[in-house]
Amino acid sequence: MLEHVTVLELHGVSKVYKTGTFGRGSTLAVDDVSFAVRPGEVVSLIGESGSGKSTIGRMILRLTNVTDGSIDYEGNDIALVGGRALKGYYRSVQGVFQDPFSSYNPIFKADRVFRLIRSEYFADVSATDWRQRIDASLHAVSLNPRDVLGKYPHQLSGGQLQRLLIARALLLDIKILVADEVISMLDASTRIDVLNLLGELKQRGLGILLITHDLALGNYISDSAVILRQGRVVERGTTAKVFDNPLHPYTQELLASVPRLDAKWSDETVSDLPDVASDVGVGALVEVEDDHFVASVAGASS
Amino acid sequence: MSLTVDDLRVYYRTLRGDCHALDGVSFAVADGEIMGLAGESGCGKTTLGKSLIRLDGRMRYVDGSVALDGEDLPLRDDRAMNDFRFRKVSIVPQYSMSALNPIRKIGKMTSELLESRGIDATDLRPELERRLKLVGLKTDVLGMYPIELSGGMKQRVVLVISTLLDPSLLIADEITSALDVSSQRAVSKMLVEFRDRGFVKSAIMITHDLAVLYQVADTILVMYAGKLAEKAPAETIIHSPRHPYTRLLLSSLPEVGARYETTRLAGIPGRPPSLIEPPTGCRFRDRCPLASAKCAEEPPFVDVAPGHQVACWNT
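Protein chains in written order, with the working numbering: chain P, 53 to 354; chain S, 19 to 333.
One or more of the hints may lead you astray.
Taking lysine-lysine pairs in the BS3-like style, the calculated list, with each CA pair at most 30 Å apart, reads [what the hints assert, rightly or not]:
| no. | chain 1 | residue 1 | chain 2 | residue 2 |
| --- | --- | --- | --- | --- |
| 1 | P | Lys-161 | P | Lys-139 |
| 2 | P | Lys-316 | S | Lys-123 |
| 3 | S | Lys-126 | S | Lys-151 |
| 4 | P | Lys-316 | S | Lys-126 |
| 5 | P | Lys-203 | P | Lys-227 |
| 6 | S | Lys-123 | P | Lys-70 |
| 7 | S | Lys-123 | S | Lys-151 |
Pulled a few chain P residues facing chain S out of the computed Cβ check, cut under 10 Å [stated by the list, open to error]:
| no. | residue |
| --- | --- |
| 8 | Arg-90 |
| 9 | Leu-201 |
| 10 | Asp-239 |
| 11 | Ala-268 |
| 12 | Ser-274 |
| 13 | Glu-305 |
| 14 | Leu-306 |
The hints are simulated quantities; they were obtained by calculation from the structure and are not laboratory data.
Ideal Cβ placement from N, Cα and C applies to all residues, glycine included.
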């Protein structure tokens, strides 16, 4: 593994949220998470609700602070980036979120997102040049400029809006895209197109962090997978190894629960189903084979 | 025959004209059948589910009839439907988890609900507790507020409450969509178990997720743009679908095992037509790879095999 090509690295990142009246209680949302995103790689961050996956995405985008540990972008701790340099960071790292409809202001035309990028980052670019860049960027996300420019958000479909947001991110010369549940609001017929688009962007050298709860989609597109449970990494490694040979009981249980079209669920009754949310302890990560790490199960050896 | 729907048409009133959300659908659900209702957003599947229990202010009953256990459902008469709601037809609506009253404990809310229907809640209490245990919940939940339960637990509570009077038909609208995979499996299995135990005679499970339907449904009905596209046993729909829309929809689903590098999947190009002044003929024809001149004429929803109906000229 070439260390110097790593773009984004998380080192023992933790996040504590203050809860309760006057913030007296606290919740450990993310606990000692480490992984890296390299150029031309899709890393899927898979977890159930409350596993801390979105918190990790928000920390990478600096929308929320890191409590402990560090997130390094090209070797520099992003917590220390500020002012002008922060703008430079956002030139390279951008996010797209779950609900495309709420990312737009409904009273403005959808392409206003491009105008905002221009006034913020490319004030010196000429109008014709800018127009060409938008066309190129729309072309990259397989949108026809005539179909989407000058339209209001309600006139476009969820898939089109989501692709517009990705096109917006591409206008900046980004290296890392944080895609937080970008496909869960889309219909099956358009969802795969957005996933394929992520695949094409990856081939162009973009590093993508795909945050998802959907194991089948994570498996389809990603090169490596990180399985989270209650803020801790239970298993991570090359996608094929994690999915074909899941070693942690939690990963196994998750995979067994995925509804498939080629096999039916086993026949336990509802009351027999194990409560995966509470049973298994998560210990330290152990490398069981090349690039496949599994957390030890509390009270047992893996 | 538990439920028969004949040429049901329900439109939404909008400023630009009627939206033909449900445009002449006819099908039947047998006793003991769990019918899955699938389709993309805006295809009319939720409208169909809601029409069978209550038409809200924006919905306009246009035509058609619905019979449950041989009795006509008075769809257009909101008041007369009250005799059927909860007792004969029950619904678990979309986002039902957030429909629980946040300032009432679950037990109190349930008794208030039963009493509002003129039923003595204390009589049903032992049965309520038995069913909660059956789905793996402690009876303590009755003394809890909804906020104290997880999403999966809330969904189980809602399912238990809505089937407490053993309805003939349960409409389950997207009951698994907001849940994590493990709760998704538990809630889906619960629906099957309730049917097996006779708590519900038959059910319509509405979801966009064909993989979940394959796990629980006996038959699957696929809708497209307010019309029926195909209905068949679940096995047939998944493994040998006849309608081009069903085929394309299935081919766009990533299986566990499918990988971007090896098996590139494709979506369905285009968008469904507007349902305000919908096009004539087959509504899928603009996106259909098999479309021919014949498709300008509307295809009838006909039997192609026993228990397998398709609305397509090119099957």
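Status of the hints after comparison with the structure:
1. Distance restraint check for Lys-161(P) and Lys-139(P): the Cα-Cα separation of roughly 25 Å lies within the 30 Å cut-off, and the hinted pair is therefore satisfied.
2. Using a Cα cut-off of 30 Å, the hinted pair Lys-316(P) and Lys-123(S) is violated, with the two alpha carbons roughly 37 Å apart.
3. Our distance criterion of 30 Å between C-alpha atoms is met by Lys-126(S) and Lys-151(S), whose separation comes to about 18 Å.
4. Our distance criterion of 30 Å between C-alpha atoms is broken by Lys-316(P) and Lys-126(S), whose separation comes to about 38 Å.
5. At most 30 Å may separate the alpha-carbon atoms for a hinted pair to count; Lys-203(P) and Lys-227(P) meet this at roughly 29 Å.
6. The suggested pairing of Lys-123(S) with Lys-70(P) holds, with an alpha-carbon distance near 27 Å, which does not exceed 30 Å.
7. A hinted pair counts as satisfied when its Cα atoms are at most 30 Å apart, and Lys-123(S) with Lys-151(S) qualifies at roughly 18 Å.
8. Interface hint status for Arg-90(P): violated, as the beta-carbon distance to the closest one in chain S is roughly 16 Å, over 10 Å.
9. The closest approach between the C-beta of Leu-201(P) and any C-beta of chain S is roughly 17 Å, which is over the 10 Å cut-off, so the hint fails.
10. Hint on Asp-239(P) holds. Least Cβ distance to chain S is approximately 4 Å, under the 10 Å limit.
11. Interface restraint check: Ala-268(P) against chain S, minimum CB-CB distance 5 Å, threshold 10 Å, status holds.
12. At about 8 Å, the closest approach between the beta carbon of Ser-274(P) and any beta carbon in chain S falls short of 10 Å, and the interface hint on this residue holds.
13. A hinted interface residue such as Glu-305(P) counts as satisfied when its beta carbon comes closer than 10 Å to some beta carbon of chain S; here the least separation is about 7 Å, so the hint holds.
14. Hint on Leu-306(P) holds. Least Cβ distance to chain S is approximately 6 Å, under the 10 Å limit.
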